[in-house]
Amino acid sequence: MGGNAWTQTGPYQPDPAAAFRQAQEASLAANDHGFGGRAIEELWQDPDWNEYVYTVGTASVLDFPRTTEATDRGDHPYMRPLTDAEVRTWSPTARPTEEEWTRALDTGALPYPDRAQGNCTVLYTNGTPTNIAYWGVTAD
5 MGGNAWTQTG PYQPDPAAAF RQAQEASLAA NDHGFGGRAI EELWQDPDWN
55 EYVYTVGTAS VLDFPRTTEA TDRGDHPYMR PLTDAEVRTW SPTARPTEEE
105 WTRALDTGAL PYPDRAQGNC TVLYTNGTPT NIAYWGVTAD
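If you read the sequence shown in my numbering, its first letter stands for residue 5, the second for the next number, and so on.
It should be emphasised that the hints constitute simulated quantities derived from the structure, not laboratory data. Keep in mind that the hints are not guaranteed to be accurate.
Pairwise CB distance ranges (calculated) [claimed, not checked]:
#1 Ala89 with Ala22: 36 to 44 Å
#2 Pro15 with Arg107: 18 to 26 Å
#3 Asp50 with Pro115: 17 to 25 Å
#4 Tyr58 with Thr132: 34 to 42 Å
#5 Thr111 with Thr87: 15 to 23 Å
#6 Glu90 with Pro18: 18 to 26 Å
#7 Gly131 with Arg107: 15 to 23 Å
#8 Arg77 with Glu55: 25 to 33 Å
#9 Ala113 with Asp50: 34 to 42 Å
#10 Arg92 with Asp52: 40 to 48 Å
#11 Gln49 with Asn130: 14 to 22 Å
#12 Asp76 with Ala9: 19 to 27 Å
#13 Asp88 with Ala22: 16 to 24 Å
#14 Gln49 with Gly131: 25 to 33 Å
The beta carbon of each residue, even a glycine, is placed where N, CA and C say it ideally should be.
Using the sequences and the hints, build the whole thing.
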C-alpha cells in the first residue's frame, strides 16, 4: 500500500500548536474512527490507536501526535509548519489565500510531504490570517 494524500483547513490561532489541537478536536468530534469517548492525547497512548493510524490512517490531522518546529526536518510523524521561505516559493507575498494554497498543491508548486508526515501554513483573507491549511500523507 502507499500513503494517501489529504488536505483540510482549520481555524486560525496565533499559536500553531493550539490551532492544531483545535483542528484535531473538531476532526475527532466529526469522526472518532471507532475510538469514541477519548481525547486525542489519550488516543496517542493507546497501542490500538497507533496501529490504526499507521496501518489505516485517518487522512486528517488526527494522524499526527503533535506539531514540530518549522525548521525540524526529521523523519517523524509530526505536523510541521512551513518556513516563510517555503511559503514564498509558491506565494510571493507569504500571505497565501486558500485559493493560492489549493492551486499550489494542484499544480505541484507545493509538494505533499513524505508518507506519515504533514505540513501546515496560515491562510489569509484580505491580508488577515483566517485559517490554517493542513496537508499530509498517511502512513499506510
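Evaluated hints:
1. Ala89 with Ala22: 36 to 44 Å: With Cβ atoms ~24 Å apart, the hint is violated.
2. Pro15 with Arg107: 18 to 26 Å: holds, 22 Å
3. Asp50 with Pro115: 17 to 25 Å: Hint violated: Cβ distance 32 Å, outside 17 to 25 Å.
4. Tyr58 with Thr132: 34 to 42 Å: holds, 37 Å
5. Thr111 with Thr87: 15 to 23 Å: holds, 20 Å
6. Glu90 with Pro18: 18 to 26 Å: holds, 19 Å
7. Gly131 with Arg107: 15 to 23 Å: Once the Cβ atoms are compared, 18 Å apart, the range 15 to 23 Å for Arg107 and Gly131 holds.
8. Arg77 with Glu55: 25 to 33 Å: holds, 27 Å
9. Ala113 with Asp50: 34 to 42 Å: holds, 38 Å
10. Arg92 with Asp52: 40 to 48 Å: This hint holds: roughly 42 Å between Cβ atoms.
11. Gln49 with Asn130: 14 to 22 Å: Roughly 42 Å apart at Cβ, these two residues miss the hinted range, so it is violated.
12. Asp76 with Ala9: 19 to 27 Å: holds, 21 Å
13. Asp88 with Ala22: 16 to 24 Å: Given range 16 to 24 Å: holds, Cβ gap about 20 Å.
14. Gln49 with Gly131: 25 to 33 Å: Taking Cβ atoms as reference, Gln49 and Gly131 lie about 41 Å apart, which means the hint is violated.
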